[in-house]
Every structure is written in C-alpha cells, then in structure tokens.
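Engineer: So the chains spell out like this:
There are 2 protein chains.
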Amino acid sequence: MGGDLAPRTAVDGAVLAARRIDTGITLVGDGEAIERELARHLDRAALDLTIVHTPERVAMDESPTQALRRKPRASVKVAAELVAAGEAAALFSAGHTGATVMASHAAFGMLPGIDRPALAATLPARGTDARPGKSRAVVLLDSGANVECRPQHLVQFAMMGAAFARAALDVAEPRVALLSIGEEAGKGNELTREAHQLLRTAPVAFVGNIEAGELYSGSADVVVCDGFTGNIALKVSEGLVETVEDMLREELAETLGTRLGWLLSRRAFRNFRRRVDYAEYGGAPLLGVAGITVVGHGRSSAKAVRSAILMAARLAGAGFIEKLKVEASAQRAS
Amino acid sequence: MGGDLAPRTAVDGAVLAARRIDTGITLVGDGEAIERELARHLDRAALDLTIVHTPERVAMDESPTQALRRKPRASVKVAAELVAAGEAAALFSAGHTGATVMASHAAFGMLPGIDRPALAATLPARGTDARPGKSRAVVLLDSGANVECRPQHLVQFAMMGAAFARAALDVAEPRVALLSIGEEAGKGNELTREAHQLLRTAPVAFVGNIEAGELYSGSADVVVCDGFTGNIALKVSEGLVETVEDMLREELAETLGTRLGWLLSRRAFRNFRRRVDYAEYGGAPLLGVAGITVVGHGRSSAKAVRSAILMAARLAGAGFIEKLKVEASAQRAS
Chain A
16 MGGDLAPRTA VDGAVLAARR IDTGITLVGD GEAIERELAR HLDRAALDLT IVHTPERVAM
76 DESPTQALRR KPRASVKVAA ELVAAGEAAA LFSAGHTGAT VMASHAAFGM LPGIDRPALA
136 ATLPARGTDA RPGKSRAVVL LDSGANVECR PQHLVQFAMM GAAFARAALD VAEPRVALLS
196 IGEEAGKGNE LTREAHQLLR TAPVAFVGNI EAGELYSGSA DVVVCDGFTG NIALKVSEGL
256 VETVEDMLRE ELAETLGTRL GWLLSRRAFR NFRRRVDYAE YGGAPLLGVA GITVVGHGRS
316 SAKAVRSAIL MAARLAGAGF IEKLKVEASA QRAS
Chain B
16 MGGDLAPRTA VDGAVLAARR IDTGITLVGD GEAIERELAR HLDRAALDLT IVHTPERVAM
76 DESPTQALRR KPRASVKVAA ELVAAGEAAA LFSAGHTGAT VMASHAAFGM LPGIDRPALA
136 ATLPARGTDA RPGKSRAVVL LDSGANVECR PQHLVQFAMM GAAFARAALD VAEPRVALLS
196 IGEEAGKGNE LTREAHQLLR TAPVAFVGNI EAGELYSGSA DVVVCDGFTG NIALKVSEGL
256 VETVEDMLRE ELAETLGTRL GWLLSRRAFR NFRRRVDYAE YGGAPLLGVA GITVVGHGRS
316 SAKAVRSAIL MAARLAGAGF IEKLKVEASA QRAS
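Protein chains in written order, with the numbering used here: chain A, 16 to 349; chain B, 16 to 349.
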C-alpha cells in the first residue's frame, strides 16, 4: 500500500511477475482497492494471486516507530509477519523504507553475528569484461538503513554484500572495497581508518579503499560504507544524471541537427537513469535480517516491481538466507 | 611545483592571467624549470611575472605534515609566507591539497571565530533565473579539508560560504542548506541533527536540509557538510559524469546516425564535466584562514589555472578577508 502510485503499480508489477514465475504472490493491503486494480487484468483468474486484507497502512510521511506501534495491522507489518510465519518466502515493499526495515527486523530478527541490517543498492559499473553497450554492476551498501555505523558493521556489510553479489550477480569472487576519501589506509575518517584495518583480515577479497570517483569504474564488485555516506552517493548520482540530462537537452534543442542529437542520445540516458535508480534495477535487498526483504523506490514502476519480486523469488529459491547464516557463523568463528 | 603537469600548466596559466590583469604574479618553485616554461611565451618580457626560486617541493604522495617539517623551503610553504609577509595578496596552488591547506594555516593563522578552514567547491546548478543553456552555481563546503567536523564548524562554513557567494558569485542573499539524508530536521546523523538546530538561529538565510539529489537543483546557493561527505559528493559526481559519457559513447557509436548523435552531444558533455571538476571552474578557495588561498585540482589545465588566479585576484581586490573578518566577529558577538 506504500509508494507514490499505490496500490496500482504494486498490483501491476505483481501481475507481470505472476505471468513469469509459478510462485504464488500474496498482495497485502486494502482488499477492495487491490481487487479493483486486479480487475483491469483480463488474465487475473489464471494467475496465482491471493489478497490478504489489512485495514491500515504506513503513510510515507509518518514516523515508522510510531506508525508501527499505533497500527498493528499496517500492511507492511502483516506482510512481514506472513513471511515470518512461513506463509510466504519473501517480502517486497515500495512503501516507507524505514517502516519496511523496522517491520522486517521485528518479524525476522537478525542473522547470527550481524548487528545491523543494510540496504544493498545495485548500480551500473564499467568493466573490461562487459559486453559492448552493457555494463557490470557494483553493489553499494549500506545505502541508507543505518546513518551511524561502527567499523565492525562495515565488515559485516562486506561479507553480506559479497554473498549477495555471488547469489544475485553471478560474481564468483567479489572484490570488496571500502568507500573513503583517499586510497591510502590512513586517509578518511575514524570509521574508515578502523574499518580498513578490520577488513584486511576479514574473510572477503578486500581490495582496499576506493575514492567516490571510482564507484562506477568497475574496480570493485562490492563497496561498503555507512548508510549516511551511501545514501549521499546514491542520491547525488540520481540528481546529477537528471541535471546532466536537463543541461544537455537545453544545449541540444537549439537547432534541428542538435535536436536530432538529443533524440538519439535520450534513450541511452533513460536507460542509464533507470539503472542508477536502484528500484528500477529491481529493488534493494535488506541484508542482515533473518528473512528476505526487497525494498523498492517510492516511485517504482510496474516493471521495477516485477524485477524486485523476481529478485526476491530468486534469492528465496537459492536458499540465500541459509547461505548467509552459514557465512555469518563462519565469520564469527574466525 | 605541484600537480600532475608541473610546472608547465601553472606557468602557462600564470601567463594567460598576466595578459588579462595588471596585477603582478610571482611564480614560486624551481627557477630553472619555470624559466624554461616561460621562454616558450614570446611576450614573456612584457608580462609582470617574477620568479622566486625554491629548491624543494612537496610531492603528491608525501605526508604533508612530514614534508612541510622536513622541507622548510618547499615551494608552497615559501609562497604562503610571501603572502603572510604582505609581498603577495593571494596564493594559488594546484599541488598537494593537504600541504596547501597546512602551509596556508601555518602562515596566515585562522580568522577570529573560525576553528577550521573549509574548501569551497563551486558546482553547476539548475535554476529558473538561469539563461538558456547556462546554469547557476552552488557552493559546496567543506569539500575536503576536514574529515571530522562538529556542528558549530558547519555553522562557520555556512557563514563563510554565504560571504563567498556574495563576493564571487554575485548572489545578494545566498540561501544556505544543510546536506543530509532527509529533509526533516530530525533526519540524518548526529552531526546534521545538531547542526540543523544551530543553523536555524545563525545569521544566514537557512532554508533547511536538502537531500543529495537536490544538490544540483538550484534550490540552495550554499550547501554545507563535513569534508568527508562533501568530498564523496564531489568525487562521485566527477566519476559519474565520466561513466555516463562512456556508456553514452558506446551506445551511440553503433551506427552512423547515432554516431552523429554522439558528436553533437559530446561538447555539451565536456562543458559540464569541466564545471563539475571544481578546478576547471577556477579552483576552490580555502575559507577560514586569514589570507586568500585558492586550491586547484592536480589535473588543472592552463585555462583552469588562469581562472583560479583571476578569482584569487578578484577576492583580494574586493577585500574579501576583511569582509569575512567583520562577519566572523559579528557572528561571534551574536
């Protein structure tokens, strides 16, 4: 029920996903509103879609702590509890990110050895092994779940990000880097200096610090940082792509010839912007909780919702949480 | 003597500046190398250029603290001391940023009421009052001088950034915003939450928090943050513009028609990248020290050096340090 276009795009996305996979999908929220959206799809009866009606929802501008306390039957809370009860394998929400994080945490608990959950954004990256016109990906975490982190949290993020890159992006041995403001171990703030030392002996392929200018360069598969820094990096990217696009459009709209240039480059731009906007890439998994949660952007399109649901189903099918548990225990023992 | 192309681009930039303004320019560094570069310019004798020979320099990979201690006659140190002695009005360096900050701090001391210096990067911004194809600017500080800041430092940065926007960008009443990860006062980390409260009563036109996605939107003229966050925002922007450009080129190089699209959009791109790269915009002033220092990027072109020297001369001519002193005292008294 969350997101700017709820419940329409969530329902449409679920319909698109249900046409692709055999897994049943449960839609949690205002039953009548959901039914109305479903009725627009002619093949609705043939799809494995169930509705669980909830009378309450968390609005985008509510405090998540207060909202979840005051609304025990809020859609995101009920959905997380369905997963915790084993009636569903994974949760997707395009609603209030904070509420989704808190509801998941409350319903699933944390993985052993993990203190904080992290949102893992998947961003486009350049790379020599990329096909022409295609690009590799880089996983940035935490991209916004925790504003304040301690060094050991970044080590946990590194381990979880590497496990995600292996499971979801088919990277055999993910190279993990620490986002800082200088490549040398001694550069950066207190958090990055201490995290650098811990990462050197952590059971991940740590390639050292990278500067923010290298984030998209393909020199690392997983980049760890605190959630404040990660969110800044992510949002600056979204804003900058819009700005470049705007300025280029102005410059290129001058004559017929340059207008042609704009038409030709516009599609390439739109593709890139989608990939920077993490939800369009399929949503950001919330790593660290003992269950699968994929968080979508409030502006998620139906296609983005579909991708996110497919990602959630893929992670569930691969036994991702069990794998993470094993790795987290191994790390704790080391 | 610093920077990737030293001393050639620094000398060429000084020559370009000397052709434009009447102010004499002193070149500090290896006298023989500087003379060799100057000899390439036929009008050299007609220009008001003086050389001060120094036998030492700080290399880009040295620790600034150690280098400045071990090399009392390093070019950046001698240059800062010339300014402190009143033999020059301002310092420009495209060399080691840390060494330039430390040498300036040591030679000039701090302005009364200011605890930490800040690098102010000028970035392009959109805005309704911009001419077509042109854009306004936004001043981002600290963009890398201090990795750890306290809330009161951000208030000092706000005041200095506003004074700089008035003096250098002709903004009558600069709107100051705090960079955070949510617009609400309660969002963000400890630093931004406390700084938000202080800024509300500070003698600046504080417009509240802005998210990183709004940095280039033109909704603020001055944006304050700690130097770690500012450097991440700046570097991510540089890296992303390169990445977008690369990906667009690949996509557009496919056919003759799309190749034309690339040719048409390339110049617009190059212009934008220059403006994101702060040195190309004319260098970043180091605000807070009791003298004028403008810091250039290590990759500064001769044109960038010229712009930075002209900015330094303009700030000196406008009595910028005296104005800042008055404002800093007024703020301290309030």
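Think of the hints as simulated: they come from the structure by calculation, not from any bench.
Since we're looking at a predicted model, the values are computed, not measured.
Hints may be right or wrong, so weigh each one.
One copy or two, it doesn't matter: identical chains are merged, so the pair holds either way.
To be verified - The calculated lysine to aspartate or glutamate pairs, modelled on EDC-like cross-linking and capped at a C-alpha distance of 16 Å, are:
hint: 1; residue 1: K86; residue 2: E47
hint: 2; residue 1: K86; residue 2: E71
hint: 3; residue 1: K202; residue 2: E77
hint: 4; residue 1: K86; residue 2: D45
hint: 5; residue 1: K340; residue 2: E260
hint: 6; residue 1: K318; residue 2: E77
hint: 7; residue 1: K202; residue 2: D76
hint: 8; residue 1: K338; residue 2: D76
hint: 9; residue 1: K202; residue 2: E163
hint: 10; residue 1: K340; residue 2: E198
hint: 11; residue 1: K86; residue 2: E257
hint: 12; residue 1: K318; residue 2: D19
hint: 13; residue 1: K338; residue 2: D185
hint: 14; residue 1: K338; residue 2: E77
hint: 15; residue 1: K340; residue 2: D130
Engineer: Are the hints correct? Go through all of them and say.
Structural biologist: Hint check results:
{"no.": "1", "hint": "K86 x E47", "in the structure": "neither (19 Å within a copy, 77 Å between copies)"}
{"no.": "2", "hint": "K86 x E71", "in the structure": "within (6 Å within a copy, 69 Å between copies)"}
{"no.": "3", "hint": "K202 x E77", "in the structure": "between (39 Å within a copy, 12 Å between copies)"}
{"no.": "4", "hint": "K86 x D45", "in the structure": "within (14 Å within a copy, 72 Å between copies)"}
{"no.": "5", "hint": "K340 x E260", "in the structure": "neither (43 Å within a copy, 41 Å between copies)"}
{"no.": "6", "hint": "K318 x E77", "in the structure": "neither (27 Å within a copy, 51 Å between copies)"}
{"no.": "7", "hint": "K202 x D76", "in the structure": "between (38 Å within a copy, 12 Å between copies)"}
{"no.": "8", "hint": "K338 x D76", "in the structure": "neither (36 Å within a copy, 42 Å between copies)"}
{"no.": "9", "hint": "K202 x E163", "in the structure": "between (19 Å within a copy, 12 Å between copies)"}
{"no.": "10", "hint": "K340 x E198", "in the structure": "neither (32 Å within a copy, 36 Å between copies)"}
{"no.": "11", "hint": "K86 x E257", "in the structure": "neither (37 Å within a copy, 47 Å between copies)"}
{"no.": "12", "hint": "K318 x D19", "in the structure": "within (15 Å within a copy, 46 Å between copies)"}
{"no.": "13", "hint": "K338 x D185", "in the structure": "within (15 Å within a copy, 58 Å between copies)"}
{"no.": "14", "hint": "K338 x E77", "in the structure": "neither (35 Å within a copy, 44 Å between copies)"}
{"no.": "15", "hint": "K340 x D130", "in the structure": "within (13 Å within a copy, 47 Å between copies)"}
In this structure, the earlier hints numbered 1, 5, 6, 8, 10, 11, 14 are contradicted, and the remaining ones agree with it.
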